[in-house]
Amino acid sequence: MDLSQLTPLHYGLIALGVLALLFLILWLLSASKRKREQEALRLQHERERESLAVSLEEQAEQKRQEQAEQFSRERHALNDELSKQSTKIDSLKLLSKDGGEYLTDFTLIQLKERLVRNERIRPEDMHVLANIFLPGRDLKRTERLSHLVMTRTGVYLLDSHYWKGHIYHGVDQSQFSVDPMFEHVFNLLDLDKYIEQSIAMERDEERDIVYFKSLKHNIEDLKRRAELLQETLNLKYPVTPIMYFNKEGHDAGTMDNYSRDKNVKVIVGEEELETFFEKYVFHGRFQYSIEELAGMLDDIEHLNP
1 MDLSQLTPLH YGLIALGVLA LLFLILWLLS ASKRKREQEA LRLQHERERE SLAVSLEEQA
61 EQKRQEQAEQ FSRERHALND ELSKQSTKID SLKLLSKDGG EYLTDFTLIQ LKERLVRNER
121 IRPEDMHVLA NIFLPGRDLK RTERLSHLVM TRTGVYLLDS HYWKGHIYHG VDQSQFSVDP
181 MFEHVFNLLD LDKYIEQSIA MERDEERDIV YFKSLKHNIE DLKRRAELLQ ETLNLKYPVT
241 PIMYFNKEGH DAGTMDNYSR DKNVKVIVGE EELETFFEKY VFHGRFQYSI EELAGMLDDI
301 EHLNP
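Numbering (full-length UniProt numbering), first residue to last: 1 to 305.
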């Protein structure tokens, strides 16, 4: 087509076509740009979402680790405490030949801990020992001491019994005329009537019977072991022997005390035992220094390796 034949209308149409093409190109470029921006925004949101998810997961994992570590620490602390208590209980069981001695050990240890905690005494003012062995006067024999309490006001040797029912303490032949039952019981149990004895009368609820049993020790034997302890440790003052009766349950038993021996203390129940040490022992006159108590402890440990 000859350009000279083009009319203004043709030029107008061409111009409009060029403009349309230009707008199309611009629209395509704009659409492409928006698409890229949207894709970039989508990728950014995706990265942020992934980053947030990772961050939340890391925080959750960190919290789980912290909780696990805290739980582990608490578990180890609890296990350590249980282990200590178990060791303490096992030790006391090994040091005690029956339930009565086991409970007496606990009572004495707790008494000392409370006195120290209340600042009534210092730890070195009182030593509580159990199941001590001493060489007897006969070289082939050893003597067992159930409980030993060493304080600055004196040394105390305890024999303990865990019981229920009724106890007749310090009975010998002088009570036979008052109550003939005692003579029958002494003959039945083959007890020495010239030595003060301790007898328990208990009731078997299931069989509905009452029976007597000897507590298998007497005052003279307790005094003898107290004297042996004084000799062995070369103590300046006599050892105070204590017969301690601990009840099996609340209000489980009663006792009649016939003993004429005032050198032996007779104590019934935990409350009376604690009162004896709190009221009388720690208000008494000092007999030993801290260093002397430590020396006694060393001597006993040397005899009981």
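These aren't lab readings, by the way, just hints derived from the structure by calculation. Using N, Cα and C, we set each Cβ at its ideal position, and we do this for glycine too. Fair warning: there could be bad hints in the mix.
[Unchecked claim] Label pairs and their computed distance ranges (CB to CB):
(1) ARG117 to ALA60: 39 to 45 angstroms
(2) ASP299 to ILE209: 47 to 53 angstroms
(3) PHE133 to SER177: 18 to 24 angstroms
(4) ARG117 to ALA53: 51 to 57 angstroms
[Claimed, not checked] For lysine to any residue, the following SDA-like pairs were computed, each having C-alpha atoms within a straight-line distance of at most 20 angstroms:
(5) LYS112 to SER289
(6) LYS140 to LYS247
(7) LYS223 to VAL266
(8) LYS193 to PHE212
(9) LYS279 to ILE121
(10) LYS213 to ASN187
(11) LYS112 to GLU274
(12) LYS112 to GLU291
(13) LYS265 to PRO238
(14) LYS279 to VAL268
(15) LYS262 to LYS279
(16) LYS247 to LEU111
(17) LYS223 to ARG137
(18) LYS140 to VAL266
(19) LYS164 to SER214
(20) LYS33 to GLY17
(21) LYS279 to LYS140
(22) LYS223 to LEU233
(23) LYS279 to ALA77
(24) LYS112 to GLU124
(25) LYS164 to LYS279
(26) LYS223 to TYR194
(27) LYS262 to THR153
(28) LYS112 to GLU271
(29) LYS236 to THR153
(30) LYS223 to LYS265
(31) LYS213 to HIS166
(32) LYS112 to LYS279
(33) LYS279 to VAL264
(34) LYS262 to GLN173
(35) LYS236 to ASP299
(36) LYS213 to LEU191
(37) LYS236 to GLY295
(38) LYS112 to VAL281
(39) LYS265 to ILE242
(40) LYS279 to ARG117
What's the verdict on LYS193 and PHE212, does the C-alpha distance respect the 20 angstroms limit or exceed it? 16 angstroms, holds
Within 20 angstroms, alpha carbon to alpha carbon, are LYS112 and GLU271? Holds. LYS112 to GLU271 sits at ~14 angstroms (cutoff 20 angstroms).
Is LYS236 within 20 angstroms of GLY295, Cα to Cα? 13 angstroms, holds
Below or equal to 20 angstroms on CA atoms is what counts here, so check LYS247 against LEU111. 18 angstroms, holds
Are LYS140 and LYS247 close enough, with their CA atoms no more than 20 angstroms apart? 36 angstroms, violated
Are the Cα positions of LYS279 and ILE121 separated by 20 angstroms at most? Measuring from Cα to Cα gives roughly 13 angstroms; hence the hint holds.
Please verify whether LYS223 and LEU233 have alpha carbons no more than 20 angstroms apart. 16 angstroms, holds
Determine whether the Cβ-Cβ distance between ASP299 and ILE209 falls within the hinted range of 47 to 53 angstroms. 48 angstroms, holds
CA of LYS265 to CA of PRO238, is that 20 angstroms or under? Judged against 20 angstroms, a Cα distance of about 13 angstroms means the pair holds.
Holds or violated: LYS112 with GLU291, Cα cutoff 20 angstroms? Within the cut-off at roughly 19 angstroms; holds.
Regarding the pair LYS279 and ARG117, is the alpha-carbon distance no greater than 20 angstroms? 17 angstroms, holds
Is the hinted pair LYS279 and LYS140 satisfied, with a Cα-Cα distance of at most 20 angstroms? Since the Cα atoms of LYS279 and LYS140 sit roughly 41 angstroms apart, the hinted pair is violated (cutoff 20 angstroms).
The structure shown violates the earlier hints numbered 3, 6, 18, 20, 21, 23 and 25.
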